[in-house]
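Here is how the chains run, residue by residue.
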Amino acid sequence: MASVLSPPLPRTFRLPVSGRYLGGRLLTGLVAVWGAITLVFFALYSTGNPALLLVPPDAPPDEVERLTRVLGFDRPIPEQYVTFLGTVLTGRFPDSIRYGENPLPIALEKVPASLALGATGLLIGTLLGGLIGYWSATARSSWLRRGPLGVAVAFESVPTFFIGILLVLVFAVNLGWFPATNGRGLPGLVLPAVTLALAFIPAIARVFRTALLDVLQAEHIRTARAKGLPHHLLVRRHVVANALGTTLNVVGIQAGVMLGGAVVTESVFGWPGIGQLSINAVQNRDYPLVIVCVLVIAAGFVLINLLVDVLAALVEPRLRS
Amino acid sequence: MKRFALIIPILLLGACANGASGAGAEVGDTLRLGLSRQITGVNPHKGGSPDSSGSIVGSIYESLTRITPSLEVEPSLATSWTSPDPLNWDFTIRTNAKFSDGSALTADDVAWNFAQLLNPDYKGTSGAPLRKYIKKVTASSPDVIHFELSAPALDLPGRLWSIYIVQPAFAQSHNLDNEALGSGPYKLDKLDQENGAALSLNPSYGGDKPAFEKVEYTVLASEAQRVAALRAGEQDLILNLDPLDLKQFEGSPDYDTILGVGTQPLTLAINERKKNTPLANAKVRQALNYATDKETIIKTVLRDAVKPLPGQVLYSPYQTPNPAVSAYPFDSDRAKALLAEAGYPNGFEVRVNLSSGTYVSQDVATQQIAAQWAKIGVTLKIEQQPFPAWLQNQYGPDDQAADFFYIMWGGSYRGDLNGNFGPFRSDHIQSHLNAPEFDKLVDQALGATDQATKDKFQNEAAASAFENAHAIFLYPSPFTGVVSKQLSWTPKPNRYLYAQQVGRK
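Which chain is which? The protein sequence lines are D and B, in order. Here full-length UniProt numbering is used: the first residue of the first sequence is 1, the next is one more, and so on. Here full-length UniProt numbering is used: the first residue of the second sequence is 1, the next is one more, and so on.
Rather than coming from a laboratory, the hints here were simulated on the basis of the structure. All clues given are correct.
A partial selection of chain D residues facing chain B, derived with a Cβ cut-off under 10 Å: (1) GLU63; (2) LEU71; (3) SER96; (4) ARG98; (5) LYS110; (6) VAL173; (7) THR181; (8) PRO272.
The following residues of chain D were derived to be distant from chain B, with all beta-carbon distances above 12 Å: (9) ARG25; (10) GLY29; (11) THR38; (12) PHE41; (13) PRO76; (14) VAL153; (15) GLU156; (16) ARG206; (17) LEU244; (18) GLY245; (19) VAL250.
Fair warning: this is a prediction, and the values are worked out from it, not measured in the lab. Backbone N, C-alpha and C define an ideal beta-carbon position, used for all residues, glycine too.
Kindly generate the complete structure, drawing on both the sequences and the hints.
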């Protein structure tokens, strides 16, 4: 048998997950989004008639009936749902009641602001949460192990709107460093981003800490220690890297939640994002706009989670299976 | 607990006031006006709350007439009006009126706007009340508009104050909810319905030039946001603050405070039509009026800004009350006796619905009323609902609606019968009253063709509502605000914050 040394194969880029996997996830995501808007549709439409909010106080008694008919809310809900789906299939959504036009561009226009706020909040939250989790798992000082994590958890128990107003009070009203309301640009981003970050820090810190402690007990770490690998190299190369996979999943969930979950923060600071738009749409019974907001948020949630899974597979090869 | 948590930030803001406020509260080139309600579009044919859309729309558009701070009706687009008979009116309009794109505003444009509003299939909701009594509106000459009515309307000029005129060609090709082309002092540059609007001077405006080139309206929907914005010096004028929060701005070097009487009365609207309700009995309703200590609420919650309503929804200085009617005095013994006479010596339980965060001081005031009524054996259960749910409850069937609604209703101008009395009629869309005598008197007042007859029936209607206690008469709404010392502004107690009415000192 001839021994032949074949030339090395050229290295090709491979996605950490298969195309089939991606396709499957996108398909289930689509079903999830459709399920979410269907649920919201029936929940909203069965709770009341938005025409009531549009009628002037001095209108005659039959005005509600007239407006309900004009807006199409007089038909049975299943029939309205079929009409709604039919309209969506044509590529547009029923007009927003308050804006009087296709609500999809209105909602999409708000996404960049929400992403800017969310990404900044998440970045601050991840960095600080990671640092606190790292200290609480590895620090020699008991104060450093317990103090920052305790403070972070204490912040978690305070409502977001309260933290937001407190930050406004200190940094906008008293110190005058940042705008108090309806801030735009970078100065206006700081306080809402910090408010958001304070909500993420405890979850990220706790998960990262647990992951680090798990890895620190692992046999390969003991072996590396026994071989005399310096502590900082051990932690950086073997402990932190191995603990990142679990933490990334938590970051992913938080990122998805953040897209629509920054409702309170956006409202407190007048940040023009989709969270604020959603809550105002609900308050005004602007059903078409609420549904589109849910669609955008749900789609964002699905996509962000998919992205995080791909990233996690890149960081943690074991997840690629 | 939730309410307590909401109050804390406001208290904190107050605690840090240190007797001064408004760091950097310098009035600049842009006038900064705070709105206390979310904007619901700028459609000139859909009306709008004075605390939000109504103030913006009134700065961009003009109507035939307008309302002065003392609620008088005065010319706006119309320079004069005549009525040859009760069913025919002619309004002569200014010839120098122009839309902000430079095109002339004509009588035909006005007639076109009314034609839209009178069309029953039109989405603009401002037309609904008009269709009750206007038959046709036509341009009888380039500057005269003729109104043909189906019922007399002695106060027609007043009723037209909120019918704004938009350029027809623009209206047919643009979304009026988000875009605007009017003939008012300002034009719309940018609108973010969630957060505010930016306006600049209309170069074609025919009237006096306003003091500010640019205006920014900012939505500050919560009390905490309004207080923080003022404390940070980010706003020049904000209305609708809690009277107790005004204290922190009193003595400020930057701001003046306003604490006065608003133009609309606060009442507890009654559901008299629920099956087996004790509130169907006039003696019970009278008893509850006697059991309500308005003076104490006014003193402790409203800082003595107002006086109790004089047993009617008409009160000075904005309306002319019936002088023969006065407030129900606080008299628990009388209330108990009336309840016993009505067959309820041990009281009963009723429910009041509040719209969360809608009316100044409503939570504390209602809690005080509940405590006062408890002394005569009546248990008042308080329910909070978001505004849409609260409104839906009012529109709902009698048996499902609450027993009481804490509500502010009132006229827009002097002698506004529909605004003052409409909500208390049995056939009003939000009403659960059974008041045939009152309804008939209001109809007679509305149908009057001379002022004396109208006044007579108006007074009789007020007396009927008092005697039958068709409401728990509380007090006028307090009118509150904080204004930069560098501004000159005649307070408008109907809360419309028009940019053109704000000047520099």
